[in-house]
Amino acid sequence: MALKKTFAFGVSAALLLTLLSGTASAQEAVAPKAAQTLPSIVVTQVENKPIIDRVVATGAIKAVEETYVSPLVDGLSIRTLNADVGDRVEADSTLVVLNEDMLLLQKSQYAASLAKANASLAQYQALLAEAQANAEEAVRVSERSKKLSEAGSISTAQRDQEKAAATAALARVNSAQQFISVANAEIKVVEAQMSDLDLRLARTEVKSPVSGIVSAKTAKVGAIANGTGEPLFTIIRDGALEMRADINEADLIKLAIGQKAVVTLADGKTRIDGKVRLISPMVDAQTRLGAVYISLSEPEKARVGMYADAQITIEEKQAIVLPLTAVTVGSNETIVRKVEDGVVHQTKVTTGIQDGEFIEITTGLEPGDKVVAKAGAYVRDGDKINPVTSAATATN
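Here the sequence shown is numbered in our numbering, starting from 1 and rising by one per residue.
Not one of these hints is a red herring.
In the EDC-like style, the derived pairs of lysine to aspartate or glutamate whose C-alpha atoms are separated by at most 20 Å in a straight line are:
1. 220 / 87
2. 370 / 47
3. 275 / 316
FYI, nobody ran anything at the bench for these hints, they're computed from the structure.
My request is simple: use the sequences and hints to build the entire structure.
The structure is reproduced here in structure tokens:
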């Protein structure tokens, strides 16, 4: 009987130990399972890295300065052309030669007129010399007759005749001098006409006022050149091109002359470095846009009229940054969800420069802090999470 009681006690003890052991094992199994129920949320670390403030604009490629070439002599036909569209020309190089035959004919006529005027001058000078000699003799006779008349040696009538002769001789001298003055004036007129003709002959060679690239041509051989009509050539001075970009008024005040820019052509592949050359002092009242002119460092890669985008660098600096996805912008505040020891804390921050997918954090965070990577994640202030750095290990 005692043996049965002892055996029963042993069996009970063994069962109790088994149950206790099973309970402990169950608790140990439940503990890690409970830990796994925390949501895995992707977090990102606050970094200190270079960031660039940019202004993006669109526009078209234009010439910095266009120079028109027109003839300085009207009414002459074009004999030869020495340039075409796309040619690079140098300053003072001859682009067009005009037909000078009519001017050469006029020059021959002026030369004949000049010779005639010189001959007339020589004739008038001879007449003057003769008149002066006659006048001198007539004056001497008149003076002599005056003395004789006072002495009563000659009659008053003879005295009057000699006096009149002297006056007439002096008048002929004066007339000869006037003829000479007229002849000299005629010579000067003809010489001026010849100088003008020589200038027109020199201008039959139409030259380029600047160096550059010919962008347009209307000149044709045989056509009559006219200075008041369309220019014979249009030249892009020095081949310099620029982009004219339209900037909204909020970004326009950030710009300054000399700021660097990168211009991307319509193909999306060609990129050209540039600088802000001019900024319009006015904003269009309707579109609220202002014009900015960006000079191109490699104009040969672009063509006038091409469409282009520009990214103008306003500021470049080291800053604390976060991905844009980690920031929630409200009407009154900007927040992030900072993670400390697996607990989410809603934190107010202030932002600065936005550079692509990143944004500057000026206050509220320090380098090394961790925040929820996606602001739309379903977490609230005070929630406990399992922070992970890869989206592949996160759970919904």
